[in-house]
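A.B. asks: Could you build the full structure based on these sequences and the hints that come with them?
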Amino acid sequence: MSLIQRIDEIIEARSLLKHPFYQMWSDGKLSQESLAGYSKEYFQLVKEVPKFMTPIIEKAPSSVIAELTENQQEESDHIKPWISFAGELGISEDELISYSGSDKTRKAVFDLTELMNTFDGGACAMYAFEKEIPKISQTK
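Residue numbers for the sequence shown follow the working numbering, so the first one is 1 and each next one is one higher.
Since the hints were made in silico from the structure, they are not lab data. Heads up, the beta-carbon is just placed ideally off N, CA and C, and yes, glycines get one too. Be aware that one or more of the hints could be misleading.
Claimed, not checked - The list that follows gives simulated cross-link-like pairs (lysine to aspartate or glutamate, EDC-like), each with its CA atoms no further than 16 Å apart: (1) K40 with E95; (2) K51 with D27; (3) K51 with D77; (4) K131 with E9; (5) K80 with E95; (6) K80 with E48; (7) K47 with D94; (8) K47 with E9; (9) K59 with E114; (10) K40 with D103; (11) K131 with E12; (12) K107 with E9; (13) K47 with D77; (14) K131 with D8; (15) K135 with E9; (16) K51 with E33; (17) K18 with D8; (18) K47 with D8; (19) K59 with D120; (20) K135 with E48; (21) K40 with E70; (22) K51 with D111; (23) K135 with D8.
Stated by the list, open to error - Distance ranges between label pairs, derived from CB positions: (24) E114 with I10: 15 to 23 Å; (25) I4 with G90: 15 to 23 Å; (26) T118 with I79: 22 to 30 Å; (27) I65 with K29: 37 to 45 Å.
C.D. replies: Given below as C-alpha cells:
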C-alpha cells in the first residue's frame, strides 16, 4: 500500500460524514437552529482557508505556485455563498462576520493555522481538508 493510500485510509476513518452531527444532517434530523449555529461556527474556517494558502504558496516550489494561487482564489470564492447560506438560516451577514466562534472552533482554526507554517504541513492539512469536500458536497 502506498503512502497516499494509507493517508487516505486515515482520512476516511476520521471522515466528517461519520460524525454524529453530519449523520443527523444526512438523516434530516437537524433543526434550523442547529444548522444556523453550524453556519456560524463553520464560517470561522471558511473565511480562514484562503489565508491558510498564503504561507503554503510562499514556501511552494515554483512549479505549483500558479495552481495553488488558483486554489486560493477558489477558496476565497466560497465566502460569499457561505454568507448567503447562513442568511437563509436566519443569520445576518453582520452577525456572521462579527461572530468569533466558540472556544473549540477557535482552537481548531488556530491548530490548522499552525500547520501552515511549513509547506509539507500545510499541503498535508489542505489535502485532508479537500479530500473530504466532494463527499460532503454530494450528501448536503
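A.B. asks: With reference to the structure, classify each hint as holding or not holding.
C.D. replies: Consistency of the hints with the structure:
1. The hinted pair formed by K40 and E95 meets the criterion: a straight-line CA distance of about 9 Å does not exceed 16 Å.
2. For the hint pairing K51 with D27, the CA-to-CA distance comes to about 33 Å; that exceeds 16 Å, so the pair is violated.
3. With a CA separation close to 13 Å, the supplied pair K51 and D77 stays within the 16 Å bound.
4. Taken as a hint, the K131 and E9 pair is honoured in the structure, with Cα atoms around 11 Å apart against an allowance of 16 Å.
5. A threshold of 16 Å between alpha carbons decides the hint, and for K80 with E95 the separation of about 14 Å falls inside it, so the pair holds.
6. Between K80 and E48 the CA atoms are separated by roughly 13 Å; this keeps the pair inside 16 Å, and the hint holds.
7. Restraint check for K47 and D94: the C-alpha separation of about 14 Å stays at or below 16 Å, so the hint holds.
8. Between K47 and E9, the direct Cα distance comes to roughly 28 Å. Violation of the 16 Å bound is thereby established for this hinted pair.
9. For the hint pairing K59 with E114, the CA-to-CA distance comes to about 14 Å; that is within 16 Å, so the pair holds.
10. A hinted pair counts as satisfied when its Cα atoms are at most 16 Å apart, and K40 with D103 qualifies at roughly 13 Å.
11. Restraint check for K131 and E12: the C-alpha separation of about 9 Å stays at or below 16 Å, so the hint holds.
12. Between the alpha carbons of K107 and E9 the distance comes to roughly 25 Å, so the proposed pair goes past 16 Å and is violated.
13. For the suggested pair K47 and D77, the alpha carbons sit about 10 Å apart, so the restraint of at most 16 Å is met.
14. At roughly 8 Å between alpha-carbon atoms, K131 and D8 fall within 16 Å of each other, so this suggested pair holds.
15. The suggested pairing of K135 with E9 holds, with an alpha-carbon distance near 14 Å, which does not exceed 16 Å.
16. Only pairs whose Cα atoms come within 16 Å are accepted, and K51 paired with E33 is rejected, the gap being roughly 29 Å.
17. Under the criterion of a C-alpha separation no larger than 16 Å, the hint pairing K18 with D8 is consistent with the structure, at around 15 Å.
18. Among the hinted pairs, K47 with D8 is inconsistent with the structure: their alpha-carbon atoms are about 25 Å apart, more than 16 Å.
19. For the hint linking K59 to D120, the alpha-carbon distance of about 9 Å falls within 16 Å, and the restraint holds.
20. In summary, the hint linking K135 to E48 is not supported, as the alpha carbons are separated by about 21 Å, beyond the 16 Å threshold.
21. Pair hint K40 plus E70 does not hold up; C-alpha atoms about 26 Å apart against a cutoff of 16 Å.
22. For the hint linking K51 to D111, the alpha-carbon distance of about 14 Å falls within 16 Å, and the restraint holds.
23. Of the supplied pair hints, the one linking K135 and D8 holds, its CA atoms being roughly 13 Å apart against a limit of 16 Å.
24. Taking 15 to 23 Å as the suggested C-beta distance range, the pair E114 and I10 conforms, at roughly 19 Å.
25. For the pair I4 and G90, the beta carbons lie near 41 Å from each other, so the given range of 15 to 23 Å is not met.
26. In this structure the hint that T118 and I79 lie 22 to 30 Å apart at CB holds, the actual value being about 26 Å.
27. A hinted range of 37 to 45 Å for the beta carbons of I65 and K29 is consistent with their spacing of about 44 Å.
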